[in-house]
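4 protein chains.
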Amino acid sequence: MKTPVFHTTRRVEFADTDMAGIVHFANFFRFMEAAEVEFLRSRGVSVAMSWEGDRIGFPRVAASCDYLAPATFGDVMDVAVSIERLGTKSVTYGFEFTKDGQVIARGQVSSVCCRILDDHKMESMTIPASFRARIEAAN
Amino acid sequence: MKTPVFHTTRRVEFADTDMAGIVHFANFFRFMEAAEVEFLRSRGVSVAMSWEGDRIGFPRVAASCDYLAPATFGDVMDVAVSIERLGTKSVTYGFEFTKDGQVIARGQVSSVCCRILDDHKMESMTIPASFRARIEAAN
Amino acid sequence: MKTPVFHTTRRVEFADTDMAGIVHFANFFRFMEAAEVEFLRSRGVSVAMSWEGDRIGFPRVAASCDYLAPATFGDVMDVAVSIERLGTKSVTYGFEFTKDGQVIARGQVSSVCCRILDDHKMESMTIPASFRARIEAAN
Amino acid sequence: MKTPVFHTTRRVEFADTDMAGIVHFANFFRFMEAAEVEFLRSRGVSVAMSWEGDRIGFPRVAASCDYLAPATFGDVMDVAVSIERLGTKSVTYGFEFTKDGQVIARGQVSSVCCRILDDHKMESMTIPASFRARIEAAN
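Chains as they are written, first to last, in our numbering: chain A, 1254 to 1392; chain B, 1254 to 1392; chain C, 1254 to 1392; chain D, 1254 to 1392.
Hints in this document: simulated from the structure, not taken from any laboratory.
Glycine is no exception: its CB is placed at the ideal position from the N, C-alpha and C atoms.
Possibly wrong hints are sitting among the right ones.
[Said to hold, decoys possible] Restraint ranges, calculated between C-beta atoms of paired labels, are given here: (1) Lys1374(D) / His1260(C): 22 to 30 angstroms; (2) Asp1307(B) / Glu1337(A): 22 to 30 angstroms; (3) Arg1338(B) / Asp1372(A): 50 to 58 angstroms; (4) Asp1372(A) / Leu1339(C): 29 to 37 angstroms.
[Unchecked claim] Derived coverage of chain D by chain A (criterion: at least 3 residues anywhere in the stretch with Cβ under 8 angstroms from a Cβ of chain A; other residues may be distant): (5) 1262 to 1270; (6) 1284 to 1293.
[Said to hold, decoys possible] Simulated coverage check for chain C against chain B, where a stretch passes if three residues somewhere in it have a Cβ under 8 angstroms from a Cβ of chain B: (7) 1281 to 1292; (8) 1346 to 1357.
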């Protein structure tokens, strides 16, 4: 994982757990997205925004997570966000969840910048320069 | 992806979608798990079972997904399940989601066979021979 | 509950459960919506459709559920759907979840027929006559 | 709704939305539970705790919500929590979600205090005196 550009925390809610008594593995992907959104908000941009008259979004093209230790109800995890790769049209974020210094999970999510057309159609586009500038400022 | 050992279908529900009008990416991990459970049920075993007095489970250690095309409300996807790797203590399943022959998403989930102890503690263990036999019978 | 106009089944998935080992109470609302959608599909209509050039939807204005017995992983519940009230612009569905004849939960969901405008704005409208006819045919 | 005993905020996440572009109605029940948990934490108690050697929990017996206005991605809602009824074995919380002074939703959740037995069985019990004292102190 590259050097984090943002940190936030996430408290495990009752509804995040499953019958094994731990956070259901799929929920870490919601947690990653929320951390990404919070990072972008801190830079003044959004995953769902208007840009010169177009609506743009960042649909996900890949996501992965390694689970190293369980998280349980009430746990407060630190979530570190890194920019693993910033391409012309795509961006890959890295995430590390820790609790009391112990790594709980590490993940990555890759998205492509897209113009949102009618009927939920999407068309990839170059990441707008000012969006990129704000992201890179974080590095 | 190895040759599928099981096929099922999954219909996209309204609650599976997000404001982009497509299935939220985290939900594919729920879909993969449900397909795994259905495959195991078809073999007479379960992800949450008792075995010679122990409760055993299969916590996830890794999960990944590539998203190739969006799925929308009402879509019925075919879900193919493969066994990518069957180790002594762990198993990796592969999943391919298609709609009308078009690949929507491909993913993998790796789990470790664990004895469930008190307080949600877990201890890895060799996959029981008869469980393994039923899984392998599918290959 | 009025006489059911539709029946379906729902199998409890692992991700539906919480650390109490039972279906998380919020998930019954997803189950109700899915049963409503399936009922409407059986009548040739949808909760998200086009009608004479307009996009129409049925946002929820009220939802409730009484929980009588827990449902656990793997359970197959019967879901009965009734039309409790069909107004000019709104409809209230009733739902009863049973397992082996035992009532697990009973709920209601009320929706208002709306024209979907830009920017996620909505405007209530009379339920289209042919939509109503298909729903009433079920009574 | 009785006088609130607690206030918190909730920011709408991307995954909370559905294809209608607004928070999916079922998610308000997760939001209510999280607010309840936060209220209890502020009083030094929990929905999942040990008490004189027993594990106790508060399974839900009823939940309802009225939806007055939609909430969308990024919205920060104020969540007011009230104690609508505190019985011998049960408690009913009330919730009001507002945004910029506008009411988004109002809901109630009723729970029964239960001793958690093996195999996810539960047995209702009198709310422990010190738990009750902490809750009532808030009134």
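Hints, one by one, checked against the model:
no.	hint	verdict
1	Lys1374(D) / His1260(C): 22 to 30 angstroms	29 angstroms, holds
2	Asp1307(B) / Glu1337(A): 22 to 30 angstroms	40 angstroms, violated
3	Arg1338(B) / Asp1372(A): 50 to 58 angstroms	40 angstroms, violated
4	Asp1372(A) / Leu1339(C): 29 to 37 angstroms	30 angstroms, holds
5	1262 to 1270	holds (count 3)
6	1284 to 1293	holds (count 3)
7	1281 to 1292	holds (count 4)
8	1346 to 1357	violated (count 0)
This entry does not satisfy hints 2, 3 and 8, going by the numbered hints stated previously.
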